[in-house]
Amino acid sequence: MEPDQTQIEPLTLGEQRRAELVGPGHSFATVTDKISSIVLTRKTTLGFLGAFTVAFGLAMMLFYTLAYVVVVGVGAFGVNVPVGWGFDIINFVWWIGIGHAGTLISAILLLLRQQWRTSINRFAEAMTLFAVACAALYPIMHTGRPWLAIYWLFPYPNTMGLWPQFRSPLIWDVFAVSTYATVSALFWFVGLIPDLATLRDRATARFARFAYGMLAMGWRGSAMHWHRYETASLLLAGLATPLVVSVHTIVSFDFAVSVLPGWHATIFPPYFVAGAIYSGFAMVMTLAIPLRVVYGLEDFITLRHLQNMAKIILATGLIVAYGYMMEAFTAWYSGNEYERFMILNRLKGPYAVMYWALIACNVIAPQILWFGKLRRNVALLFAMSLVVNVGMWLERYVIIVTSLHRDFLPSSWGLYSGSKWDWSMYIGTIGLFLTLLFLFIRFLPMISIFEMRTILPQAEVKEEGQ
Amino acid sequence: MLARIDGLRQRALIAGAGALVLCGLGAFVNPDQFFRSYLIAFVLWNGVALGSLAIKMLHQMTGGAWGLVIGRLLEAASRTFPYTLLLFLPLVFGTKSLYIWSHPEVVGADQALRDKAPYLNTTFFLARAAFYFAVWNGLAYFLSKWSREQDEGGAEPYHTRLQVLSGPGLLLYGFTVTFSSIDWVMSLDPHYSSTIYGILFMGGQGVSALALVITIVVVLGDHEPLKSAITSRHLHDLGKLLFAFIMLWAYFSFSQYLITWSANLPEEIPFYLKRTQGGWQFIAVALLVGHFVLPFALLLSRGTKQNRRLVLGVALFLLFMRLVDIYFLAGPSGHGEGPAALHLHWMDLAAPVAVGGLWLAAFFWQLKQRPLLPAHDPMLEEALEHGR
Numbered sequence: 014m015e016p017d018q019t020q021i022e023p024l025t026l027g028e029q030r031r032a033e034l035v036g037p038g039h040s041f042a043t044v045t046d047k048i049s050s051i052v053l054t055r056k057t058t059l060g061f062l063g064a065f066t067v068a069f070g071l072a073m074m075l076f077y078t079l080a081y082v083v084v085v086g087v088g089a090f091g092v093n094v095p096v097g098w099g100f101d102i103i104n105f106v107w108w109i110g111i112g113h114a115g116t117l118i119s120a121i122l123l124l125l126r127q128q129w130r131t132s133i134n135r136f137a138e139a140m141t142l143f144a145v146a147c148a149a150l151y152p153i154m155h156t157g158r159p160w161l162a163i164y165w166l167f168p169y170p171n172t173m174g175l176w177p178q179f180r181s182p183l184i185w186d187v188f189a190v191s192t193y194a195t196v197s198a199l200f201w202f203v204g205l206i207p208d209l210a211t212l213r214d215r216a217t218a219r220f221a222r223f224a225y226g227m228l229a230m231g232w233r234g235s236a237m238h239w240h241r242y243e244t245a246s247l248l249l250a251g252l253a254t255p256l257v258v259s260v261h262t263i264v265s266f267d268f269a270v271s272v273l274p275g276w277h278a279t280i281f282p283p284y285f286v287a288g289a290i291y292s293g294f295a296m297v298m299t300l301a302i303p304l305r306v307v308y309g310l311e312d313f314i315t316l317r318h319l320q321n322m323a324k325i326i327l328a329t330g331l332i333v334a335y336g337y338m339m340e341a342f343t344a345w346y347s348g349n350e351y352e353r354f355m356i357l358n359r360l361k362g363p364y365a366v367m368y369w370a371l372i373a374c375n376v377i378a379p380q381i382l383w384f385g386k387l388r389r390n391v392a393l394l395f396a397m398s399l400v401v402n403v404g405m406w407l408e409r410y411v412i413i414v415t416s417l418h419r420d421f422l423p424s425s426w427g428l429y430s431g432s433k434w435d436w437s438m439y440i441g442t443i444g445l446f447l448t449l450l451f452l453f454i455r456f457l458p459m460i461s462i463f464e465m466r467t468i469l470p471q472a473e474v475k476e477e478g479q
Numbered sequence: 014m015l016a017r018i019d020g021l022r023q024r025a026l027i028a029g030a031g032a033l034v035l036c037g038l039g040a041f042v043n044p045d046q047f048f049r050s051y052l053i054a055f056v057l058w059n060g061v062a063l064g065s066l067a068i069k070m071l072h073q074m075t076g077g078a079w080g081l082v083i084g085r086l087l088e089a090a091s092r093t094f095p096y097t098l099l100l101f102l103p104l105v106f107g108t109k110s111l112y113i114w115s116h117p118e119v120v121g122a123d124q125a126l127r128d129k130a131p132y133l134n135t136t137f138f139l140a141r142a143a144f145y146f147a148v149w150n151g152l153a154y155f156l157s158k159w160s161r162e163q164d165e166g167g168a169e170p171y172h173t174r175l176q177v178l179s180g181p182g183l184l185l186y187g188f189t190v191t192f193s194s195i196d197w198v199m200s201l202d203p204h205y206s207s208t209i210y211g212i213l214f215m216g217g218q219g220v221s222a223l224a225l226v227i228t229i230v231v232v233l234g235d236h237e238p239l240k241s242a243i244t245s246r247h248l249h250d251l252g253k254l255l256f257a258f259i260m261l262w263a264y265f266s267f268s269q270y271l272i273t274w275s276a277n278l279p280e281e282i283p284f285y286l287k288r289t290q291g292g293w294q295f296i297a298v299a300l301l302v303g304h305f306v307l308p309f310a311l312l313l314s315r316g317t318k319q320n321r322r323l324v325l326g327v328a329l330f331l332l333f334m335r336l337v338d339i340y341f342l343a344g345p346s347g348h349g350e351g352p353a354a355l356h357l358h359w360m361d362l363a364a365p366v367a368v369g370g371l372w373l374a375a376f377f378w379q380l381k382q383r384p385l386l387p388a389h390d391p392m393l394e395e396a397l398e399h400g401r
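Residue numbers (the working numbering), protein chains in the order written: chain A, 14 to 479; chain B, 14 to 401.
Hint data in this document are derived by calculation from the structure and do not stem from the laboratory.
This list has only true hints and no planted wrong ones.
So the derived label-pair ranges between C-beta atoms look like this:
1) B:Ala310 with A:Phe354: 40 to 48 Å
2) A:Tyr169 with B:Ala310: 31 to 39 Å
3) B:Val119 with A:Phe421: 24 to 32 Å
4) A:Phe41 with B:Thr244: 31 to 39 Å
5) B:Val119 with A:Pro423: 29 to 37 Å
6) A:Thr192 with B:Ala299: 29 to 37 Å
7) A:Arg389 with B:Ala147: 30 to 38 Å
8) B:Arg246 with A:Arg222: 42 to 50 Å
9) A:Thr57 with B:Asn277: 57 to 65 Å
10) B:Val302 with A:Asp214: 52 to 60 Å
11) A:Arg389 with B:Asn277: 50 to 58 Å
Partial list, derived from the structure: chain B residues whose beta carbon lies under 8 Å from chain A:
12) Asp128
13) Lys129
14) Tyr132
15) Gly180
16) Leu184
17) Gly187
18) Ser206
19) Ser207
20) Ile212
21) Tyr264
22) Phe265
23) Gln269
24) Thr273
25) Ala276
26) Leu278
27) Glu280
Pairs of lysine to any residue, SDA-like flavour, derived with a Cα cap of 25 Å:
28) A:Lys56 with A:Phe451
29) A:Lys324 with B:Phe155
30) B:Lys287 with A:Asn349
31) A:Lys324 with B:Leu185
32) A:Lys324 with B:Arg174
33) A:Lys386 with B:Pro170
Where a beta carbon is used, it is the ideal one built from N, C-alpha and C, also for glycine.
Produce the entire structure from the sequences given, and follow the hints as far as they go.
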């Protein structure tokens, strides 16, 4: 696809591709300097403080909302008969979906030996953790008494013989999401250890040396350490791979096992998983593009990375579009009047604007990614990634609200819209997410230092010795 | 090498022609059974070709050592669409026998079928089939042509062209496979519908194509040029891909089952009710064990994936399980809505041999036309290096 830029010495196509993963002229030392200096020596700028203040302010709004909901009760949310599932599950699914790209990058792309994952995996994994944290708030808060949530959600032996309904995918969600959070956190932390040791060795401040030293868990970089590290990350990748599929599959079951038109569709599992990866990569891009500009990381997060992500966004976006097509076709083909009504109601009902906006965002907009020239236009990619984020939120909104607001019995129809507390909680979680992200960027290396060194051309010789 | 391929072609042709004669006799005795068995056989082998086409295009998009060394096998399989078109022709005469929706008197008496008549009618059915074959032949033709020209003249511009074709090509593949699976198999029971159906077939075709490729790689692996090109590392990669497709197939099949079972809706659940009684339950269990548990357990270990004989066994067994899966999906004969007992007919085995023999003969014929390794692919050197 790429025109030959350097014809000095004949490189094979594969070597060219690899060379595009890191800017020219880097050595092991410059990579380490560049990435660790962001944490250790770079001055905290006013811009950073300003942006952090905004994010932190929004996070405070979230905590205010949470307190309000606890004091007043879940009646503060906009849900009511007939729409009993609203913003809580829309935003839960949205955030959980976003997390999937991080796991895909760190686990599946590692197993597939895709070297371009190297510079984006660290902050994508961090994104996963923070997104899961935001997602988990919704089911916990919607119980109304979150301090009792564990008592309701987790099965434990008790004298009353009371158990959760094991046939309900909602209880599978509890296991799936908590496993997902645990494995993601472990994976992220294990990957950080060698870099934490680098920071420990380079930090000059006493407290920083102490803190990074504690976190590095005695890493000395011996051959034995590396051997164990490699084994552990492969095992964790193996464990995390099924999670990429299982978490969102179970989320899709929340809907699909019901008998509601628009929810009950056998295609939901693969279509939700594809949608999750789609939105996740869009979010990675939304974060990566400003980061590389602000911190001057264009040498590490190159155009090749952005293009590869754009291709994944296009591919998964097409799978999502396929899902929309099959839903509509099968609704017609099934001959079931409720199924047919559901699709017509989406196309022409009270939420038609959202449906068509979703089609514009998720199906039409990403088609620009077919063209190599547009895939290299960074500003356009950034705009595209925002559009996809919006589109995937709308998708969950349309799926959840349109199926509930008009069910089988016209006398029970009604309309739904989120209350101001719904919105403040949603925007608040975005604030929490960004706050955590800012802290992460400030205190931890956002790109894996030691893995970046392995993809330098200088490291190539060692690779062949294996 | 060429002699070996010729030998295989001849044997396939003899087996196929022999079985075809038997089936031809059977067609006179019991035409309904013939068409049913033949349809299943056709869907199986056409699916092998389709899976090969898709994997070839997928490889053009992603690259990787695994796909280069088997590229020519995939191309040869995807050049068989002119022959599968010929093999499809008998089914044109079988629509009345196979599909209840092609009987106007039945449709007239059934509200649901009247509603579907704009889609399920013989004219549109045949027009769609013509469209599918046009798409598949067109894609295979250009893929194969540019790949040959790349061999003769060097990498550019063909490498780029192949990529430009493969992206939209995969879209067309997904579209045509979905609707052809609905037309040919799902509409055997015109009251049933499932949104995952097309994806289920795509997963299955991936298994079929990889099973075929692994079989051929092992069978021809003692001869140059494959002998020195394909090492146990390549075989390991192919085994991993087969493993991945088995899991995909199981994932899709289980999703459909769980969602249908859990909702228990009157228009859907008969699909599984019919297939869990009257002997069909044994087929269902056989699928679970043979199409997933057993190959999953075997392919889990690196030892199996690198052991030529063992992996050949798994691949051949999976080709057979593909037949069982399609047999299961086609289900009890659509005539009459009540549960029907499992009734294995000798043609259910003879027809796959007939279609398979003829298809394999066409495949080997195509395989012989080109060198088994591409000459000027820009990634070939690296791909061979990967195996050393």
